[in-house]
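Number of protein chains: 2
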Amino acid sequence: MVLKFYYDFISQPCRSLYILLKLTNTPFQAYPVNLLKGEQLSEDFKEKCSKFQKVPVIHDGNFRLTESVSILRYLAREYSIDDHWYPKESKEQARIDEFLEWQHLNLRLNCLTFFRTTWILPLKTGVHPTEEKVSGDKKALLKSLTDFDQLFLGDGLFIHGNQISYSDIHAACEIEQPKFGGYDPREDYPRIKSWLDNVEKACNPYYAEAHEFLNKVAKEIEDT
Amino acid sequence: MVLKFYYDFISQPCRSLYILLKLTNTPFQAYPVNLLKGEQLSEDFKEKCSKFQKVPVIHDGNFRLTESVSILRYLAREYSIDDHWYPKESKEQARIDEFLEWQHLNLRLNCLTFFRTTWILPLKTGVHPTEEKVSGDKKALLKSLTDFDQLFLGDGLFIHGNQISYSDIHAACEIEQPKFGGYDPREDYPRIKSWLDNVEKACNPYYAEAHEFLNKVAKEIEDT
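Protein chains in written order, with the UniProt record's numbering: chain A, 1 to 224; chain B, 1 to 224.
Hints were generated in silico from the structure; no laboratory data involved.
Treat the hints with care, since some could be wrong.
Because identical chains share one entry, a pair is satisfied inside a single copy or across any pair of copies.
Straight-line Cα separation of at most 27 Å, BS3-like style, residue types lysine-lysine; simulated pairs [what the hints assert, rightly or not]:
(1) LYS91 - LYS51
(2) LYS216 - LYS54
(3) LYS88 - LYS51
(4) LYS138 - LYS216
(5) LYS48 - LYS4
Keep in mind the model is a prediction, meaning the values are calculated, not measured.
Take the sequences, apply the hints, and build the full model.
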């Protein structure tokens, strides 16, 4: 039975898992879920897809799983995923785990908060945030970007050296988000810019495909 | 070379890893770090212990690792940890991973924010939070507790059935925190109360030992 993947490209962990699935030639059926329309909040979704009422979700036969990092780890055990994406060697795996655990309350929290404040909420409600709110959220975002730059980017092409791993896809999809709210980290962080270019190049055409929706909406907003 | 463990009992992930290390009879040398005094912020700590400048940290020979969840996974691979704490079976492991990934931006974020607002900041600065701030933080905390209760607690004694796992220790150490700031989830959530009793019983005497410092400071504050 083929793996079922429920996703919305507006969601960073959905984009990163989608890119991984495509790059690793993992067979799957894609089921789009419209988060802006609240499809995940229906009783039907809760019963038939996931009690967590969010995406990404996978169904592997009768087994349902949420949380992108736990899905990645499950896929690495159960499917044919090249080792460099999530190495089996214990210390190398621990380095990736360290990043994937660190990012939740740092990059993830602060990129998402800024993205929500400056992009999602105005799109959904038509109400724009106060300058004070944007400025506070941006300050926290810059702290996380500086920490990411200093703690995780070194001399290699990617986070963990010269081979790409899931950490890179996960982090890049996160760091792409603030630009839709008016701040592109490439402007202030040359090392992040160069690393993002490497990740994009290594992940295309799927990187472009996963970000197409966001780019399209951003352009529509710019044109109005 | 024996495992080195850097910790402060004021930190939830330090308490939960300490309890795991003791319950699994993993040999380690304990190195206390005083977070309230800012010992982790020194250049000496940064150079000799961890560039992340926080705890918990382990040194396994020359290998340094932060982030409690990545440390747990590393210990489960490298040390003799009974399988029920973090099962090798793929789907069982995925269920624990799902909880451990979920908790970061839910239980962890909201218990910690409430604990910081109501306990750590007044302790460090002498300044008490506004009622509005406490009320906002409590609302987010209650949402996380309700989600935890409904999504993760079932008919079993523990989160993943009738056997205790690392999820239980990690979650319990988190849910103990708000009471030091004046709100004990046991009051409103009978299922959480009953589950906490089970975890405490299964983890004593180390559960009591890890919470002794917090209980002592809480009593001192109460008595003044």
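A quick look at each hint next to the structure:
1. LYS91 - LYS51: between (34 Å within a copy, 17 Å between copies)
2. LYS216 - LYS54: within (23 Å within a copy, 41 Å between copies)
3. LYS88 - LYS51: The answer is between: 25 Å across copies meets 27 Å, while 31 Å in one copy does not.
4. LYS138 - LYS216: Classified as within; 24 Å inside a copy, 38 Å across copies.
5. LYS48 - LYS4: Only inside one copy: LYS48 and LYS4 sit 12 Å apart there, 46 Å across copies, limit 27 Å.
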